[in-house]
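Q: Here is what each chain is made of, one letter per residue.
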Amino acid sequence: MNKNLFRLQCPIPKFDFDIITLAHGSGGLLTGELLESGVFNLLKNEKLDKRHDGAFLNINGDIAFSTDSFVISPIFFPGGDIGELSVNGTVNDVAMCGAVPQYLSLSLILEEGLPIKDFWDILVSIKYAAQKAGVEIVTGDTKVVERGKGDKIFINTTGIGKIHHKANIDIKNIKKGDKIIVSNNIATHGTAILSVREGLEFETNMISDTRCLNHLTLMLLDKFGHDIHFFRDPTRSGIAGTLNEIASGMNLGIMLNNENIPIDSQVKAACEILGLDPLYSANEGIFMAFVSESIANYVVDLLKKSEDAKNAAIIAEVVDDHHGQVLITNPLGGRSVVQMPVGEQLPRIC
Amino acid sequence: MKYLTEYRNPELARKVLNEIKNTVTKSWKIMEVCGGQTHSLIKNGIVDVLPKEITMLHGPGCPVCVTPLHLIDKAIFLAEKENVVLCSFGDMLRVPGSRKSLLEAKAGGSDIRILYSPLEAVNIAKKNPDKEVVFFAVGFETTAPSNALSVIHAQKLGLTNYSILTSHVLVPPAITTLMNDPESNIDAFLAAGHVCSVMGYWEYLPLVEKYKIPIVVSGFEPLDLLQGILMTVKQLEEGRAEVENQYVRMVKKSGNTSAQKIISDVFVVGNQTWRGIGIIEKSGYNLKKEYSQYDANKKFLIKTDNIVYEPDNCIAGDIMKGIKKPPECLNFRKKCTPKNPIGAPMVSSEGACAAYYNFSTMFKKISIKK
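Protein sequences, first through last, are from chains H and W. Its first residue numbered 1, the first sequence is counted upward by one per residue in our numbering. Its first residue numbered 1, the second sequence is counted upward by one per residue in our numbering.
Everything labelled a hint here was simulated from the structure, so no lab data went into it. Misleading hints may appear alongside valid ones.
[As the list claims (entries may be wrong)] Derived DSS-like pairs (lysine-lysine); straight-line CA-CA distance at most 25 Å: (1) Lys127(W) to Lys149(H); (2) Lys44(H) to Lys132(H); (3) Lys149(H) to Lys131(W); (4) Lys298(W) to Lys81(W); (5) Lys268(H) to Lys2(W); (6) Lys81(W) to Lys149(H); (7) Lys175(H) to Lys223(H); (8) Lys149(H) to Lys106(W).
Take the sequences, apply the hints, and build the full model.
A: Listed below in structure tokens is the structure:
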């Protein structure tokens, strides 16, 4: 279902207040009202409904377990918001372990003064994202901090899921000759967020690509099993940072092919103007798969059938050369090193 | 991307490269003035594939690198004042001042905002009448028009809470200084395309005349640079010394006259300190008297030393004068890295040291199998 249609089905309940106050975190009547009419009612499921201190779960076998905190500004951005991001982020981290994400915890830290309307919109996004990913939110917590002690809303989510029976995801499985596939266009999320930062606003219709990736990774595991050697979603430090992290732990090197890296032309142009390198730009809706050479083209073909991975491409190869480093081809046939980023990329002067 | 993609065509680039190889017979030292060109030359591997007769020297055209240390201290002093919002271009933030960087001041609680356009700073001043908004106006001739325009806008809006801390530098006086330096050994220049898109290239005619050196206005894409180098080598081999324009799609001889008018309305040429090089006569812009109420230097009592000493063993000055290359520095890749920069050229993405550190495979202890 479309996100806007989904929102219409979740109208904001009638509260006696329009902003979050410290009383909402005190555990008293106002906390009760916020949780009962708000959180519990909206996110309703059998496990959450027990209203216990924790959730009772029954999972047999190996599980993957991951946590992430979300502290972004702005909290609403083109193509998504912090709620959706906080579900997708943890779902994707669990999925990258080769697991089927099943249950999430949700911890909200609200700053006094947050409009209830914003709070509700974020909650609805959380429900929407959870439904899309096929996970349940089974336990959680809400705290309120004084104005100025937070930044509107911070969210922590933790997720667990059972490892897929055909999965064997381990950095040690990466071999010489493995192809590295990226599931869709790079740098989309980072550039879309930048386009609405105060001081850098530019007119564009770029939107974040935040999405859950578990359906795609599970589809690949079902079909290719052990031939999938490694998954990773290149979030904060972009594909450059993530590939460097992986390479630094290996006795092998990574050779990126500049010409094959998929990127939207608007995103590319925005990066040119601001002097940013899309390789270092944040991503929220893509993953990289290290796969055996023999299946690489099949993986790309299969991914391309999905709307969420229609620009999938082989972007790099694992080589027995320049160990621990990532190199990239450049237009003249030369090669240069792709360094680990130092900090956040800063737009240049001219 | 029109006007970019075509200039990254590998086949055409190889053709021009071959033409350079067929033209060159003697050794030549060519300095690219602008840091953006340095970055592109190294990122695209051009320095690795040029014939050995051609040595590229990396010039002083990185605004972050030449902004004097005491001005960074001043910016930090202002940022740390109660009630001041300091606005800056992004890549100034990581440059170490004598005590700390702007990024560290930001972490310490100062209100420092990264902007892409100075006009945004005027907007912030308008929205926050109870705050003093200061824009750290650095750069070459390229950023001068928009910095000047921000002052004009502030005046039109009647804002009294906006000012700029200027550190503007100019290319032609820097070329003169380099040519007069007995240690420098430069045969020709690639002039900075974007500076010339504002100023034109008439200013370079007397330099060519006086020093008998070719100056070729060049763009930033691989094909631009290779073409610029080819035009320069042809002049050198033929014994000509002229101003030529490779970047015709952006640069006219007269430049952008409206932008020049805005600059001359707001700024006056004055002496300027260049980090690593020293004071160069008539090489910078200061605000004119009639705009002194927008001059942060006059508006605030800034208590910082005007003379601060550069970190030990930093050879940034020699690098920007083309006397040395980054790998010749004892600190390069050892004590001085982008994570812990000692000198400014390691900080900015346009600095020569950072370009060598980030992209060049030439000076790394890694084996690359053929």
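Q: Taking the hints in turn, state whether each one holds.
A: The hints, checked one at a time:
{"no.": "1", "hint": "Lys127(W) to Lys149(H)", "in the structure": "holds, 23 Å"}
{"no.": "2", "hint": "Lys44(H) to Lys132(H)", "in the structure": "holds, 15 Å"}
{"no.": "3", "hint": "Lys149(H) to Lys131(W)", "in the structure": "holds, 21 Å"}
{"no.": "4", "hint": "Lys298(W) to Lys81(W)", "in the structure": "holds, 15 Å"}
{"no.": "5", "hint": "Lys268(H) to Lys2(W)", "in the structure": "holds, 12 Å"}
{"no.": "6", "hint": "Lys81(W) to Lys149(H)", "in the structure": "holds, 21 Å"}
{"no.": "7", "hint": "Lys175(H) to Lys223(H)", "in the structure": "holds, 20 Å"}
{"no.": "8", "hint": "Lys149(H) to Lys106(W)", "in the structure": "holds, 17 Å"}
No hint from the list above goes unmet by this structure.
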